[in-house]
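Enquirer: If you want the building blocks of each chain, they are given just below.
There are 6 protein chains.
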Amino acid sequence: MTDSFFHPVSGFDVPRFAGVPTFMRLPHLSLDDPRLKDVQVGLIGTPWDSGTTNRPGPRHGPRQLRDMSTMIRAQNGATGVRPFEMVNCADLGDVGPNPADLHDSMDRITQFYDQVVAADVIPLTGGGDHLCSLPILRALGKNDPLGMIHFDSHTDLFKDYFGGTQYTHGTPFRRAIEEGLLDPKRVVQIGIRGTTYDSEDRDFADAVGVRVIAIEEFHARGPEDVMAEAREIAGSQPTYVSYDIDFVDPAFAPGTGTPEVGGPNSFQALQVARLLKGVNIVGADLVEVSPPFDQSGATAFLGVSIMFEILCNLALALGEHSE
Amino acid sequence: MTDSFFHPVSGFDVPRFAGVPTFMRLPHLSLDDPRLKDVQVGLIGTPWDSGTTNRPGPRHGPRQLRDMSTMIRAQNGATGVRPFEMVNCADLGDVGPNPADLHDSMDRITQFYDQVVAADVIPLTGGGDHLCSLPILRALGKNDPLGMIHFDSHTDLFKDYFGGTQYTHGTPFRRAIEEGLLDPKRVVQIGIRGTTYDSEDRDFADAVGVRVIAIEEFHARGPEDVMAEAREIAGSQPTYVSYDIDFVDPAFAPGTGTPEVGGPNSFQALQVARLLKGVNIVGADLVEVSPPFDQSGATAFLGVSIMFEILCNLALALGEHSE
Amino acid sequence: MTDSFFHPVSGFDVPRFAGVPTFMRLPHLSLDDPRLKDVQVGLIGTPWDSGTTNRPGPRHGPRQLRDMSTMIRAQNGATGVRPFEMVNCADLGDVGPNPADLHDSMDRITQFYDQVVAADVIPLTGGGDHLCSLPILRALGKNDPLGMIHFDSHTDLFKDYFGGTQYTHGTPFRRAIEEGLLDPKRVVQIGIRGTTYDSEDRDFADAVGVRVIAIEEFHARGPEDVMAEAREIAGSQPTYVSYDIDFVDPAFAPGTGTPEVGGPNSFQALQVARLLKGVNIVGADLVEVSPPFDQSGATAFLGVSIMFEILCNLALALGEHSE
Amino acid sequence: MTDSFFHPVSGFDVPRFAGVPTFMRLPHLSLDDPRLKDVQVGLIGTPWDSGTTNRPGPRHGPRQLRDMSTMIRAQNGATGVRPFEMVNCADLGDVGPNPADLHDSMDRITQFYDQVVAADVIPLTGGGDHLCSLPILRALGKNDPLGMIHFDSHTDLFKDYFGGTQYTHGTPFRRAIEEGLLDPKRVVQIGIRGTTYDSEDRDFADAVGVRVIAIEEFHARGPEDVMAEAREIAGSQPTYVSYDIDFVDPAFAPGTGTPEVGGPNSFQALQVARLLKGVNIVGADLVEVSPPFDQSGATAFLGVSIMFEILCNLALALGEHSE
Amino acid sequence: MTDSFFHPVSGFDVPRFAGVPTFMRLPHLSLDDPRLKDVQVGLIGTPWDSGTTNRPGPRHGPRQLRDMSTMIRAQNGATGVRPFEMVNCADLGDVGPNPADLHDSMDRITQFYDQVVAADVIPLTGGGDHLCSLPILRALGKNDPLGMIHFDSHTDLFKDYFGGTQYTHGTPFRRAIEEGLLDPKRVVQIGIRGTTYDSEDRDFADAVGVRVIAIEEFHARGPEDVMAEAREIAGSQPTYVSYDIDFVDPAFAPGTGTPEVGGPNSFQALQVARLLKGVNIVGADLVEVSPPFDQSGATAFLGVSIMFEILCNLALALGEHSE
Amino acid sequence: MTDSFFHPVSGFDVPRFAGVPTFMRLPHLSLDDPRLKDVQVGLIGTPWDSGTTNRPGPRHGPRQLRDMSTMIRAQNGATGVRPFEMVNCADLGDVGPNPADLHDSMDRITQFYDQVVAADVIPLTGGGDHLCSLPILRALGKNDPLGMIHFDSHTDLFKDYFGGTQYTHGTPFRRAIEEGLLDPKRVVQIGIRGTTYDSEDRDFADAVGVRVIAIEEFHARGPEDVMAEAREIAGSQPTYVSYDIDFVDPAFAPGTGTPEVGGPNSFQALQVARLLKGVNIVGADLVEVSPPFDQSGATAFLGVSIMFEILCNLALALGEHSE
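Just so you know, the protein sequences line up as chains A, B, C, D, E and F, in that order. Under the working numbering, the first residue of the first sequence carries the number -16, and numbering increases by one thereafter. Under the working numbering, the first residue of the second sequence carries the number -16, and numbering increases by one thereafter. Under the working numbering, the first residue of the third sequence carries the number -16, and numbering increases by one thereafter. Under the working numbering, the first residue of the fourth sequence carries the number -16, and numbering increases by one thereafter. Under the working numbering, the first residue of the fifth sequence carries the number -16, and numbering increases by one thereafter. Under the working numbering, the first residue of the sixth sequence carries the number -16, and numbering increases by one thereafter.
Isolated chain A, as found in the complex (with noise of 0.2 Å):
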């Protein structure tokens, strides 16, 4: 049983709607409080999206992710999960990213989670766009590659845009490769689809051996299948789940920059999310959700839910490991 100050309010005693929206009604901790050295997950909030090459917003959703966080109550429905009870979590608050400055942001990221990744905690984390998971993987994968398990309707694999652009929201993971960040080789794409500019994303994943599992493939085999490939993929070594939003589909998650139709219910959202059990997931992001495109924050309530789903596998394995 954890220490009770980790516990979340309950709706019993205040109602959802009430008090400061922490995520999932967490205590807030700054990263110079000393209970940080109990903390063992942490959520912390990524509120920028200079990556974006399209429609703009994501910065605004980690409020919107804590503020739908508040209906989310201490137990997993589907397996009787209680993840508060089974280890230390927090909110750690959100990184104060520059908006004008691309690479300053990216820095103070990186110094964010080398503060995260000294004190043994690990983040989950709420973005922001997807070229917040490069920063993060700076601090967590500068050791030893990482491998990833990725959900998303695009690969984010490109060299460049706009004649030579490195950093977009489009080319986190082909940065995190060519630095080392990732082992390609236990990385595993799921859900990808739309129209695409070429294939110089897909050739590259290729050439390099990242298992790209398009739509039509996972529509096909179900979830279970797949998700069974993708856990013998990343296999037991430190793995990181990096969940775009834009992987399900906008009648579900609407409030998302770069939508692209004919993709997962939100049943198959939480059910892979479910199947990562047993995977050794050091970090983990969900990312992309963009309030101004979905104010009645739908996209906001299923990410969190998703976020609470693998909060729980972190605690079924944290718990494991602890007993």
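These are computed hints drawn from the structure, not numbers from a lab. Just so it is clear, CB atoms sit at the ideal spot from N, CA and C, and this is done for glycine as well. Among the clues, some could well be false.
Claimed, not checked - Using 20 Å as the maximum straight-line C-alpha spacing, the simulated DMTMM-like pairs for lysine to aspartate or glutamate come out as follows:
1) E:Lys142 x D:Asp(-4)
2) D:Lys260 x E:Glu199
3) E:Lys142 x B:Asp87
4) A:Lys260 x A:Glu212
5) A:Lys125 x A:Glu162
6) A:Lys142 x F:Asp87
7) E:Lys125 x E:Asp90
8) B:Lys142 x A:Glu212
9) D:Lys20 x D:Asp(-4)
10) D:Lys142 x C:Asp87
11) F:Lys125 x F:Glu161
12) F:Lys142 x F:Asp189
13) A:Lys142 x C:Asp143
14) C:Lys142 x D:Asp87
15) E:Lys168 x E:Glu212
16) B:Lys142 x B:Asp181
17) B:Lys260 x C:Glu199
18) E:Lys168 x E:Asp103
19) A:Lys260 x B:Glu199
20) B:Lys142 x E:Asp87
21) F:Lys260 x D:Glu199
22) E:Lys260 x F:Glu199
23) C:Lys260 x A:Glu199
24) F:Lys168 x F:Asp186
25) A:Lys168 x A:Asp189
26) D:Lys125 x D:Asp97
27) C:Lys142 x B:Asp(-4)
28) F:Lys142 x E:Glu199
29) F:Lys142 x A:Asp87
30) B:Lys125 x B:Asp97
31) E:Lys20 x E:Asp97
32) D:Lys142 x F:Asp(-4)
33) A:Lys20 x A:Asp97
As the list claims (entries may be wrong) - Quick list of simulated restraints, FRET-style, between CB atoms:
34) B:Gly163 x E:Gly147: 26 to 34 Å
35) D:Ser182 x B:Ser(-7): 41 to 49 Å
36) D:Asn126 x B:Asp15: 38 to 46 Å
Position chains B, C, D, E and F against the provided structure of chain A, taking the given hints into account.
Expert: For chains B, C, D, E and F alone, coordinates are given in the frame of chain A:
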């Protein structure tokens, strides 16, 4: 063939956007109208949401359901049933609640339905939050406990909230079973999912014999198999149907206060209502439509489409009996 | 390889939110432009909704379709087809209707398409309500009746409305068959559902040999089987494709005036268009996108994604013939 | 004191969000109801927008006006007038238009109002687009031309549109003057502004003696001075009041199809209606409320607030005469 | 100069869209935090709307007010006042209400404010509906009746609703006067307008000496003159400020449940708050912000802008006294 | 009379909702079109918002401005000016920015405007955030510093943000003065208001001689008096006009990222633009329209209405000179 007085206005005569909106464009009768004696099915609104523990709004449900119901036509496209030619239907108006006094409102609702029952009219209700079902059941189930087929993402079987509050939209069926209005062994709940506070509700269900079919089971077995079991549980005795719109996935029914992702799609939402055929329905409700969370009315349109499927089954049953 | 003049602007050169929005970022030519002779497929808007019997709005469809079409890229992610390198495509602008004179508008549309046909351009139209299809067919089918593959939740085969009105968006194909523009034995309608006034339309379909595949059959058999039958019905002769966006479930396509719940999802919506491969398409439309009911543009984005799938099939067919 | 049958439902008895929404919660009578003979003022909807040259939607106006009118209470806060105790008012329902036949619709409206006039009921209409005023005037002004006080940002005096089309929402008063339904010397138009095609309408106004008060003059002189002139122009003879909601600035009335910025605020919008006191009003309309452009209903609420001010003046005038 | 612990986060350091949103980016303290003793002004949320007789939603007010308050900066642009350097301010969180028990909720609020008063903290509250003011006044006015400057479009002085219900958002100040919490002779109500049920509230005001300044008088005299009178009525003794956002015209503040058109604009809305300078304010609230009716947050932003003006006056008053 | 090639499409010929939307329905020319030499005023979009420190979105501004601009007609209703018959106007398209590289984007903008200046075309720009003005001024003011009349709620004169970042939408005119592009003694800023970080910007203004007219002064003196002073400050030398839409109160212009309440209304918004008559305008922009915060387009419609007023003044000035 029914009395033409009770036939809805046709969109071929008056366009569907025109006219004062009553439920399905039926005539509007008050309870003291002498024609009440000819009515077989009464469509009634319970615009009340004081039991809501989270996001309010269902008090606006009946009006929006009426508005969108003017797009419902005379014939069921899937089955060919033409209910308005089989049974006399009317809009019996709304129960006027007291939004600032929970118990006064419950009394008003029960008194209204007492009159409906006395007039031998089968009520088909558009809510209102789910607490509305309790005062309705107090009128319908006061002599003999009813069976119930209950579509929802929540069990609504909790003991209490906020330190002892007995009456909320999370407790109506706990109360109804305690008050002897429902026979728990003839109650089935379908579609349960989402995070939960704890298992107190499920433990109660198990203890008293309520059958709970969680969403994972629903998706695995499919609507036809699940509904076959549901019909068997309800048996041939009088049964109430309670349909919380949050049974349906929020992509199809965003307008509700406590959504849970991962639910059935709209085809399945209709299917389960259609598969009530043969059940001895003595009353039904469609609750938790919350217009402030879906100004487009899509949720209300789905809601009245479901109500129409239920009505067709009522018409088939009543038609049979009257032949 | 096609003339680079006809290549769309790339999002790698100019971001997709920038620039005057033409269909798929293609060059905009008027009908009197000398380059018209080089165009093989013309994308055309028919911003007109005077046939609408319910909720208006499709007159705004072409502009929103163009807007969202700037998110379409050059290559089909599922098939690899790059249509703009296979056939010369251009945006031929809108037919300017007369919103206060129904017959004048129909004449204007037919005259416009007469010129398109004369220039040997295959029209791919973005509507407008479904009555637009009639004046288009008067241009395309005037010599020999065409076959038609028709995706819709309604048959649009009604005799008349409002006491004898012959021309509404519920009657175009009744008129087209009567006028000899369509060969009913080569017409198939897919996805029909929802409540109906009566069976007058279905009786007509049966009488003249139109094949109607209701949604229950569609869901039972699946897209591949249904489309195999559709291709067989259309045969190898010239065929028109008419795609009403309300074919798709309103969760995926909320922006339409007469939605019917229980339809296909967005993956199936693309699939059926992709499965038109091999059909001898001489023209196609995507109609009933109604921006006032979907200000987010999600419906229009799905609409242009479908248009792109149709375009790819046109390119494959034309490419073959020209090789 | 009026017949209590004609008193609206009080929000103290039934909350304002409850009940089938009629205009101002008045009883709903059809034209063949025997109680029609007791009605002095009839509130009527004309849900029709086929004259709209730009963005459609006012066909949905009457329903939303009724919906928001349930927030209107019994007493005028500024003047203390209690109209429902002074004159018998009823909701006479909607004229059912033919949305696909402009002339049929105009005939239906005139026939409806012929009956209203025959029953000696003063009509207070909620539109519909501004072309609705023409068929209404054909009933009201057929014997003697009426004066008119007209609030609008457009003159609606154009000769024709789209190469000769005579009947649009930009031409009703040109036609009405030509048909002898209005006496141009007793017509005043207030609030005219916005860009224009040309001055053809203003030249006509000058030629026949219509007084046009542009917005610059309105803002310079203020509502009281302008309305004093308006009352003088209308004189003591029968006068029609036509109030286009786009008279008001779009910040206060966004829900309209052809907004023009720079208009009066909502206080002035009420003030000018209140300053109609003493005018011999024989009919009035409030038109161009377009719900698709204001889903919140703010425009409709302002619209019914204006209608209530007009109704108070009708009550004062009728009350006086009947005393 | 105040303790830097109590300084808000600057948007120059962390962008305003980032971070867990507290009121004005102040530190969040619970009532049992030892630093409470240093707090001079406490910003508090009362997320409760069970007194609402019409359209609910203000329970969501505090969260949206906090969200939009992150756009408030450190210095008053009009006066140069920098309140956070003059007084120690903190966000004291929300009172957790019981949404299903009206009296329990009122008790919870009073108990919370009893502690605030005991700690010598001046409360600045973000509601919640207007019934919230009553339990607050029970804490603040229990020893000596307070004066009150009240901005609103309604008097909230009604005797009861729905046949005897004493506690709604239309009755708080009737109760407060009856309970001796307010001295009616030192109460002024500004901006009253809209239709009314009757004059029962105004008769009571007249009888007990409450000064009511209707909107017509407000517009005629202007903010400065009206506020001079208000300050005189309040005098130098302890005074409460209650600001219902529906005081402001709904074009500027659409997000409220019972709007009345014809109100002040946003400049005047700020002006009247600024003109509270010199009043002996012992507590203030800003109530009836209802996010479901304004998802854009514009109303909440105006609300917090008004709260900031009040805070500046509190700072000036406290600053003076402490010097 | 101008070349008819440059006349906009009339809504009497093609309805205003039809056609590919260019600025004010003008012909669309690229910079390499030979007809550029005949253009006198070029309407240009700068869809870029990388300088935004708060809520992004203005990159979508030009497209929505074009969309709404199709409701602008040929003649100024207030003044009778018909600009398109006085000067040749064209839509010169958008500058394609690099959304992931701030400096590259500024260079692209300056290069584009260098060509515009070289072609002797006066640019009328639709932004984009306010940082767009800096690279434009680098083209227009490179030889001699310009005067500027600047409408805004912010000075945009700050030194830097986020610890030294020089280029944001809060700094363009600080940079422009430092770079010698503007003559501070001929710069006037009108409408300044809202909370501020500190007075660093105002101190700079005072130091270099920029005249700042805060909103309190604006409301006290009125538009005519203020604009007389503004014209005097600008004098007869070349002057730039920069109009930030957040100058206007957010009730009239909600679609902007950093709104400040208490601003001018829409009539005043037009008035100040009209009162630029006589100023020697060499370029103008209308910036900070952010469609994600106003999906209705009301803000963009006000924006293009203001642009039209500026265009009329440009036409008057150019017309005079060419006569």
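Enquirer: Please go over all the hints and tell whether each is borne out by the structure.
Expert: Each hint tested on the structure:
1. For the suggested pair Lys142 of chain E and Asp(-4) of chain D, the alpha carbons sit about 14 Å apart, so the restraint of at most 20 Å is met.
2. A distance of roughly 17 Å separates the Cα atoms of Lys260 of chain D and Glu199 of chain E; the hinted pair therefore holds under the 20 Å criterion.
3. Proximity of Lys142 of chain E to Asp87 of chain B is assessed by CA-CA distance (about 18 Å); at most 20 Å being required, the pair is judged to hold.
4. A distance of roughly 13 Å separates the Cα atoms of Lys260 of chain A and Glu212 of chain A; the hinted pair therefore holds under the 20 Å criterion.
5. About 9 Å separates the Cα atoms of Lys125 of chain A and Glu162 of chain A, which keeps this hinted pair within 20 Å; it holds.
6. For the suggested pair Lys142 of chain A and Asp87 of chain F, the alpha carbons sit about 18 Å apart, so the restraint of at most 20 Å is met.
7. Of the pairs offered as hints, the one joining Lys125 of chain E and Asp90 of chain E holds, with about 14 Å between alpha carbons and a cut-off of 20 Å not exceeded.
8. The hinted pair formed by Lys142 of chain B and Glu212 of chain A fails the criterion: a straight-line CA distance of about 44 Å is larger than 20 Å.
9. A hinted pair counts as satisfied when its Cα atoms are at most 20 Å apart, and Lys20 of chain D with Asp(-4) of chain D does not qualify at roughly 28 Å.
10. Distance restraint check for Lys142 of chain D and Asp87 of chain C: the Cα-Cα separation of roughly 18 Å lies within the 20 Å cut-off, and the hinted pair is therefore satisfied.
11. Only pairs whose Cα atoms come within 20 Å are accepted, and Lys125 of chain F paired with Glu161 of chain F is accepted, the gap being roughly 12 Å.
12. Pair hint Lys142 of chain F plus Asp189 of chain F holds up; C-alpha atoms about 14 Å apart against a cutoff of 20 Å.
13. About 58 Å separates the Cα atoms of Lys142 of chain A and Asp143 of chain C, which puts this hinted pair outside 20 Å; it is violated.
14. A distance of roughly 18 Å separates the Cα atoms of Lys142 of chain C and Asp87 of chain D; the hinted pair therefore holds under the 20 Å criterion.
15. At most 20 Å may separate the alpha-carbon atoms for a hinted pair to count; Lys168 of chain E and Glu212 of chain E meet this at roughly 13 Å.
16. Distance check on the hinted pair: Lys142 of chain B and Asp181 of chain B sit about 12 Å apart at the alpha-carbon level, within 20 Å; holds.
17. Between Lys260 of chain B and Glu199 of chain C, the direct Cα distance comes to roughly 17 Å. Compliance with the 20 Å bound is thereby established for this hinted pair.
18. With a C-alpha separation of about 26 Å, the suggested pair Lys168 of chain E and Asp103 of chain E falls outside the 20 Å cut-off, and the hint is violated.
19. Straight-line distance between C-alpha atoms of Lys260 of chain A and Glu199 of chain B comes to about 17 Å, which keeps the hinted pair within the 20 Å bound.
20. Restraint check: the Cα-Cα separation between Lys142 of chain B and Asp87 of chain E comes to about 18 Å, which is no more than 20 Å; the hinted pair holds.
21. This hinted pair checks out: Lys260 of chain F and Glu199 of chain D have alpha carbons roughly 17 Å apart, not beyond 20 Å.
22. For the proposed pair Lys260 of chain E and Glu199 of chain F, the alpha carbon gap of about 17 Å is at most 20 Å, so the pair holds.
23. Between Lys260 of chain C and Glu199 of chain A, the direct Cα distance comes to roughly 17 Å. Compliance with the 20 Å bound is thereby established for this hinted pair.
24. The suggested pairing of Lys168 of chain F with Asp186 of chain F holds, with an alpha-carbon distance near 14 Å, which does not exceed 20 Å.
25. Restraint check: the Cα-Cα separation between Lys168 of chain A and Asp189 of chain A comes to about 10 Å, which is no more than 20 Å; the hinted pair holds.
26. Proximity of Lys125 of chain D to Asp97 of chain D is assessed by CA-CA distance (about 10 Å); at most 20 Å being required, the pair is judged to hold.
27. For the hint linking Lys142 of chain C to Asp(-4) of chain B, the alpha-carbon distance of about 14 Å falls within 20 Å, and the restraint holds.
28. A threshold of 20 Å between alpha carbons decides the hint, and for Lys142 of chain F with Glu199 of chain E the separation of about 46 Å lies outside it, so the pair is violated.
29. At roughly 18 Å between alpha-carbon atoms, Lys142 of chain F and Asp87 of chain A fall within 20 Å of each other, so this suggested pair holds.
30. At roughly 10 Å between alpha-carbon atoms, Lys125 of chain B and Asp97 of chain B fall within 20 Å of each other, so this suggested pair holds.
31. About 14 Å separates the Cα atoms of Lys20 of chain E and Asp97 of chain E, which keeps this hinted pair within 20 Å; it holds.
32. With a C-alpha separation of about 14 Å, the suggested pairing of Lys142 of chain D with Asp(-4) of chain F holds against the 20 Å cut-off.
33. For the suggested pair Lys20 of chain A and Asp97 of chain A, the alpha carbons sit about 14 Å apart, so the restraint of at most 20 Å is met.
34. For Gly163 of chain B paired with Gly147 of chain E, a C-beta distance near 31 Å keeps the hint of 26 to 34 Å intact.
35. Taking 41 to 49 Å as the suggested C-beta distance range, the pair Ser182 of chain D and Ser(-7) of chain B conforms, at roughly 47 Å.
36. Remark: the range hint 38 to 46 Å for Asn126 of chain D to Asp15 of chain B is upheld by a beta-carbon distance near 43 Å.
The structure fails to meet hints 8, 9, 13, 18 and 28 from the earlier list, while all remaining hints are met.
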